Each structure stands twice: as structure tokens, then as C-alpha cells.
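Peer 1: Could you build the full structure based on these sequences and the hints that come with them?
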Amino acid sequence: MNKPPLTGIRVADFTWVWAGPYCTMQLAHMGADVIRVESQTRMCVSRLTLPWAGGKTGPNRSGYFNQYNQGKRSIALNLKLESAREAARRLASKCDVVINNFAAGVMDRLGLGYADLARIKPDIIGVSLTGYGDSGPLRDYVAYGPAQVPLSGMSALTGYRGWPPMHVGFSYGDPNAGTHAAFAIIAALYHRERTGEGQYLDMSQWESTMALMGEAMLDWTMNQHQPERDGSRDPSMAPHGVFRCRDMPEPIAGSAVDMWVAIAVAGDDEFARFSQAVGRAELARDDRFATLAARKKNEDELEAIVTQWTSQRLAADAAEILQNAGVTAAVCATGRDLDEDPHLNERGFFVEHDHLEIGRVRHAGIPFRMSETPLAIKSPAPLLGQHTDEVLRDLLGYSAGEIENLRAEGALK
Amino acid sequence: MRRDDAIAMVGRSPPMRVKKTAMTGPLAGVRVIEAGEMVAAPYAAKLMADLGADVIKIERPQIGDRSRSRGPFPGGAAHPDKSGLFIYLNTNKRGITLDLESARGSKIFDRMIARADLLIHSCAPSEMGRIGLDFARIAAINPKLVMTSIAPFGLSGPHRDWRAEDITLWSAGGACYLNGARNHPELPPLKAYGYQAGYQGGAHAAAAAMGALFGVARGGAGQHVEISIQESVVAIIEMANTFWPYMRVVATRYGPKPVQPLDSVECKDGWIFLCCVEEHQWRQFVELMGNPEWAAEEIFNERFKRGQNWDALRPLVAEWVGQQTVQDLYQKAQARRVPFAPISSLGDLVNSEHLRARGFFVDVTHPVAGRFKYPGAPYQLSRTQWEIRRSAPLLGQHNQEVFAELGLMGEDLAALARDGVI
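Sequence lines, in order, name chains A and B.
Just so we're aligned: 132 in my numbering is position 87 of the first sequence, and the numbers increase by one with no gaps anywhere.
Just so we're aligned: 313 in my numbering is position 311 of the second sequence, and the numbers increase by one with no gaps anywhere.
In short, the hints are calculated from the structure, not lab data.
Treat the hints loosely; a few may be bogus.
Under the rule of at most 25 angstroms between Cα atoms (straight-line distance), these lysine-lysine pairs were calculated in the PhoX-like manner [what the hints assert, rightly or not]:
no. : chain 1 : residue 1 : chain 2 : residue 2
1   : A       : K101      : A       : K458
2   : A       : K101      : B       : K307
3   : A       : K48       : B       : K109
4   : B       : K375      : B       : K270
5   : B       : K270      : A       : K101
6   : A       : K423      : A       : K48
7   : B       : K375      : B       : K334
8   : A       : K166      : A       : K125
9   : B       : K146      : B       : K109
Since the model is a prediction, treat every value here as computed from it, not as a measurement.
Peer 2: Okay, here's the thing in C-alpha cells:
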């Protein structure tokens, strides 16, 4: 009875890799019927990428694809053929949102550009999610999520002191653009609900990544100041960093796994609690460490003292002891720690579904909850083309014979 | 300018008869109350405000949002109305001061709740009951209200009341462990710049709150939306959250990456990020390098092998890249549809012709901090405007105006101020 808020909203999803799929997964989380248009003839990169279920490769076995396409349907259309493009246009005409992350001009050539769509369905919401946006001199440049980190300025600000610019460790530009796009799409649906008007949404990954660094940009525009890379330190807290603990209790595949705890001490009171918790109450009275200014000045020495304590402990124990003493700390979690995290597990964050090819495997679930319209992931990520026939027949009105013809022609692969 | 861009962009494939309605944000008229600190809740409310919502930000009397004490500051001199973090995250909001812990403050808060569409807060879970942020109570006042609670670890579970800062949430969500220097296991996992856990919590909260508002617009009831910042980070760590369940592998910061080149390499005049995710991109790059013999080696002929053998391959690539200039290599690679990118400095971004043509940076005049360029629209909508209509509020700047809308004026207001309620 209480259906998730996007129930009844249908999305034709022409995106691939990660940004677009992360966006449409948020819409699916909130109840939208997301139909991914895919093809064996040009398979989504994420279907071809690690990790593989049980170590065996295959387009339906990638953890990358299966994590970020939960709750969606998939139809296979070979868009090189006009009959498949016709089916894609029919699909678009049945949808509220049509989203792509093709290079500029590709959707136009397929007859699926915003102008074409708006002609078929004037209140449609067309979304283009590109690296550089759909206007400006670099609009034809291509970008992948990992390249957004350096391009946006984040790499130049991230790194060990005195070292070259670093990355952040994953393709951050992708999911971030996806979440921002999901927000903007629902805002556009809200506008349509109130006015009947559709519109075109031009989403640049580059711009949405820079939105995460407003204070750095202002440091430049206020002071022409490019902050120096300073590891994990913070000007207003010390200690503030990630500190070595004992290795994970058992090795993985024969290798020891190094473990770390993140600690952030904000004020002198918290530092006194910290000193007490690590059995060194005198530190809070020591001139080298008693004030923030002193701790910042002697931070190398301070970090060595912190490491002395953390390195004798398991990360989970260190975090627990510090939190119990009123000090901000957390395990610097590996994928395994997340899987076994008592907190995430008690909250039921992970989900398991019966996937037709890989069986029951855990995936990260939905990071938001709704009290009156409980959200749940409806289904595991689809097999490639799993829903081709049902979508063509039930949604687009193709007869069994027409579907056979399309298949014989090679349009459904 | 911005609107012209949108129309010029649509102009390549013109939509039929775009009706020239007044360009306001899609959320014009939506009433939002924000009781947030630092990054997550203020960013969620900023996303709403910049699309036209009327956001009233509640701060503690005298003290205000903690972010007011964080820099950067113009000239480096700390001042609560000049914090770069605060003035960025709180554009388009009206600001009031109100003590939610006092009985009179709480009454005023309830009057605000009665007229609002959305409440976004980041009050500590253990404090929520005490200041009346109990959803059943709120829903009784306004059954159409969406109440959005952002908490570091969510509203339940054994870590619910754990203290948190950005670095501990980025770590607890599994992101921090992934970042560091290849082949340097002795260096600690490295935090990304800034307040990334906060921004992610805020962006996910905005999307979910927007979904719930849409449900209300279609006739549904108000509801309580809950966001865990830790979970928002776990949700975005690429393969690191499936490596363990799928393969019993722990992704590390110093081991080989699955695919290469995805690495920063030094040119003659700066750094460039090499990016060959797909095979055709590598082939194009090899051609650009003049088809060196080593590129044909069997150990480099496939992206996963290049990942495994990057220690051998990187010096070969780096030698060639070291003789190029950043802009020249960037342009030549892009001409072959290879997605390399420069390692931008802040100055590069502010001076980018592309971003200027798109109108990305916007000039905002703040009455105390001054006039500066701010990062602008993260998305452009063809029919409804992203727009900065006002600068971030001074502490308590809109008390009179907002409290007058609630019918509080004159002596009542003076008494509340005298008693420190506002």
C-alpha cells in the first residue's frame, strides 16, 4: 500500500560504466522502473571488470556491474540496426526519464536526442551525463570517473607532504555525478508534477566534482592560495590522521593485511581524554602538547606517541577504547571489515538476492531509509538482456512474431 | 548568460517551441528548515536552496554553525561571517538564531514546522528526543512534512552514538583504506582533500529527501528519511565493497590496480593523469607514442596484464610522457578520444575557458566577506534555473523577517533576544 515515492516512474537508461548506473540505481532504490538498454555487441565496461563471482569471468559475474545495477531490468538492443533503434524510440516514448552518457551527438544520430524525444513526448526529462558538459569548447572531450579527481583539482590538494599529487583511490567522479544527477532528475520530476513541463538536464561530471571543493576554490578566489598537500592532517585538530595498528588477526591468501585506525582530536578537553585513554595522562599537561598550537607545532612527535599506542592494538580495539573514552576514532575499514562490521550488519545494510547465475552474494544496500514507504532492493542486477522479451511484449506491444523477426535479424543482441 | 548557454546547447537539436516561462528554480516555493552543522546537512539544504527552495537555516544563538570557525578566511583572519566553508555551503539561505533546547525556542520551532515542507537536520541521534525531533510528534504537527535526519552512523546500531569527524567517517566507510602510494605500504592510508564524507552524506540526503518530497507532491504522506553518512561512503567505493564477498580479496592502496594506465605521470611542465580504461584507448595512446617496440610485448597486451605489470610498463611510458607538455599531450590524446586529464591547480580551474563559457564560476557579493567567485551549478536545467539569489546569512541576519512571518514582533521578539532564545 505504501509504495516508494518513485513508483510508476519509468526510466530508459542508456548509460554505462558507473556514473549513469549509479544515478539510475538511486532512482530504482526509490521505486522507479529502470530499464537498461544494453548490447552484447558493445558490452558495458563494468560487465567486463573485476571482481568475478567465484573467480570465474563472464558478463553476469562482475561484482562491479552487479553492485551498481541492483533493482533494474535489462534489454539487449543492437542499436546499429534501424529496427532496434525503432524499439529504443518506442521505449523512450513510454518513459518519464531518458538518460545517457554517450559522447555528444550520439543520441541525436540514434534519433533519441532531446529534440526527438520532446517531439514524441513533450513532458519527457532528457538527461545527458557527460564528462565536460554539453556546451563549451571542450564539450567533445571524453572523461572517465578516475580522471575527474585530477581534473577537478582534488588531486593537487590530496597527498603526502612533499609528495606529488595523489588520487583518492577510486573513480570518485562517477558516483558523485550519479547522486547529483539523481537529485536533479527528481527535482525536474517535481517541477513536471507541478507544471506539466519536461526539460533537458545537462550534467557535467567535472562541475559536480568541483562542487565538493567549494572551500578550496574560495581559498583561491579570496587569497590566490593553493593549499599545500599535508597528508591526512587538519589545521584545526591534532592528532588527526590514520595510525598503524596490529595486522588483521589472520592473513588473507597468505599475506598479512595491515590495519589502521583513524583518530581526530578536536580540542584540549578531547586531548585530555585521549591522553588518559592511552595511559599517558601527563601529555595533556606537557607544554609540547597542551594546546592545539603546541600540538600542531610538535605534530611529528605527537604522531609517534600515538603510533606507539595504536601499533600494539587491533584497530577495532583501539577504536572501541577511544570512543568509550569520548575520543573520535574509527577503524580504517577494508572491504572485509565492512562485510563483518557489527554496526552495518545490525542495521541490515547489506542485501542478498538469488541471482540466476551467481546465486546469493552480498552487496551494499541503500544508504537511506524512509519510514512510511519502506525501501528495498527489488531484484539483483539483471543478466544481460534478461528482460528483453517481457519489455518488448508487455511494455512496447510487440507480438511474438515481431519479436522473433527482430531476433532473427540480430536486433536483440 | 547561463540561460543563453542552456538555450544554445539545446539549439543544436532544438526542442519544439520551448515555452518562455520565467526562469525560476524547480523548487521555487518549497519551504525548507535546516538545523545543520558543518558540511552534510548544510550541503543537502544548499542543493535545495540553489534550485529555488526557501531555506531557513537555524543556528545556535551567539555560536552559530561550527563551520563558521573553519577557514579559509580572506587574508587568513578568522571571522564568523567570512569563513569560506560557511559562505559556500549556505548560499541562498535565510539565517536565524534559535535555541531549540529552550521551551520557548521549541514552541517557535513547532510553528515553523507547521508551515514547512522539509526539515533537514544533523542533530545527534541521542539529542533528537530531547529537542523534540521525534517524528511522530512532528507528523502530528504537520502530516505532510518530510523530516530528514542525517547522522554519522545512522539512527540505530551499536555505533549510533559514536563521535565522528570527516576522517573517521571516510575511514569507517572504507574509502580511506583505498588511497595511498603504490609500492609504499609503510605510508598510511590517505584521506581525500576536504570534507568528502560530509559532502557525500549531504548529496545522498538531498536525493532521498527530494524523492520523499516528490511522493508528497503526488499525494503521499510526509515521512522520516534517515541517512547514514558511513553507509553513503560504503555505497560509493567502487569495487572495494564487492572484492571481499566475490573473491575473498582485500583491495589495498599499495598493490597493483586491476587496470592500467590509470596513473599520474610527470610531463616537462607538470603532471598529467593517464587513463586507458578500454583497449581502443590504449591502442590510440601507443600510436601517439609512435608505436614503440615495447608496447607490443605480450605482458602489456591487455588491460588486466598492464595492471599486473605496471611496475615494468610505467617507466617506459613515463620516459615518453616526460618529454611532452601537459596541454599538448592532453589535446593530442583527446583528439584520439583518449580520456587523459591534466592535474588542475585551483588557478587552472578559475581560468578555464571551458568553465567560463559554461558560466560555471559565479560572482557572489557577501556584505561582510566581500565579492568572490564561487563554484556554481553542478547541473544545468533547460527550463528551470540554478541560481545564486542571495549570499550566505550573517549570524541571525533574518531573525526579524522570519519571526515576523511567524507573527512574532516588537516586545515579544525583544524578550526572546534578552533571554537568549534567539
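Peer 1: Each hint should be assessed against the structure and marked as holding or not.
Peer 2: Going through the hints against the structure:
1. K101/A <-> K458/A: 22 angstroms, holds
2. K101/A <-> K307/B: It holds: about 17 angstroms lies between the C-alpha atoms, which stays within 25 angstroms.
3. K48/A <-> K109/B: 33 angstroms, violated
4. K375/B <-> K270/B: The hint is violated at about 31 angstroms.
5. K270/B <-> K101/A: 43 angstroms, violated
6. K423/A <-> K48/A: 12 angstroms, holds
7. K375/B <-> K334/B: Answer violated: K375/B to K334/B is near 31 angstroms, above 25 angstroms.
8. K166/A <-> K125/A: 24 angstroms, holds
9. K146/B <-> K109/B: 19 angstroms, holds
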